[in-house]
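Enquirer: Sequence:
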Amino acid sequence: MNHRFRLNRSSRKRIESFDTVQESAAQRPAADTAAEPAAENTAPETPEEEAPVSARDGLAVCALTDIGMVRRSNQDSLICSGSLFGVADGMGGHLGGEIASGLARDTLIEKLADREPSEEALLSGIAAANCAVYARSEEDESVRGMGTTMTVLWFGEEDIILGHVGDSRCYRYADGKLEQVTDDHSMVMEMVRAGILTEEQAAVHPMRNVITRAVGTDPETDVDVKTLRRCPGTLWLVCSDGLHGMITDAEITEILARDTEDSDRAHQLLDAALTAGGHDNISLVLVREEEKA
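Taking the numbering used here, I'd label the letters of the sequence shown as residues 39 to 331.
I should point out that these hints are in silico values taken from the structure, not numbers from a laboratory. All C-beta atoms in this analysis are idealised placements derived from N, C-alpha and C, irrespective of residue type, glycine included. Check each hint, because a few of them may be wrong.
As the list claims (entries may be wrong) - So the derived label-pair ranges between C-beta atoms look like this:
{"#": "1", "residue 1": "Ala159", "residue 2": "Ser180", "range": "27 to 37 Å"}
{"#": "2", "residue 1": "Asp262", "residue 2": "Ile234", "range": "14 to 24 Å"}
{"#": "3", "residue 1": "Arg296", "residue 2": "Glu329", "range": "18 to 28 Å"}
{"#": "4", "residue 1": "Gly315", "residue 2": "Glu177", "range": "28 to 38 Å"}
Starting from the given sequences, assemble the full structure and let the hints guide the process.
Expert: Rendered as structure tokens:
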């Protein structure tokens, strides 16, 4: 994840008072690399990949993560366990981001093992992940302030429990239409929702990488949780901002609409983000709801 820091209320008000200057696409920085210089080598020729798995009857899954073209390390963690799928995008420097996302993932998986999907259980699992990351941050000064986003889908027999903190995203693709079902917890998107910025302005705003919620940066965190109905034929995409920050929703829709295998779609999404510059780590999980056996 690029530089992201949680802001207090007074800092937010100062930022909102700034005159908004919209940059052209050509002026947009290639990457925010002051704290993490670009690696001399380009990204690996092949991404780290989790092989497609079937969590339970009626689900087909493909998960990919890649370091991208700029970063020295991959601070993203894929969440693929049982019927739980998602992404955690760590922040806090080279080491802190990796630790935060991995610890949050492992804690969540452990806390939800052998439990039936419910909003209450998912909230408790993410709360436990938050406590684990925060405690580690307090104990180890070298990773003080680290944190991570977390966006997960937990599939039950009839419903899906969605949990979300940060600016990773969940999309639903059905009947040829793409719908973002999470709200970005970011400074610029709060300003969009308040009518201060347009989405076009937000895409090039200098504060676009500031998130307002994270897992592990405070003793407690606010979690968006909702229950969604399962529907055969639906394709779910959970991704870090290394994907949705590099390609548009229209481009995502065009790729998901292609007549090919889901694994091909996943690779094509990844390739599109790399071709656009790969300024951040890129992680995505595609889950297709199929007819149950």
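Enquirer: None of the hints should be skipped; say for each whether it holds.
Expert: Tested hints:
The hinted window of 27 to 37 Å between Ala159 and Ser180 holds, with their beta carbons roughly 33 Å apart. A hinted range of 14 to 24 Å for the beta carbons of Asp262 and Ile234 is consistent with their spacing of about 21 Å. Separated by about 21 Å at the C-beta atoms, Arg296 and Glu329 satisfy the suggested range of 18 to 28 Å. Our hint of 28 to 38 Å for Gly315 and Glu177 holds, since their Cβ atoms are close to 37 Å apart.
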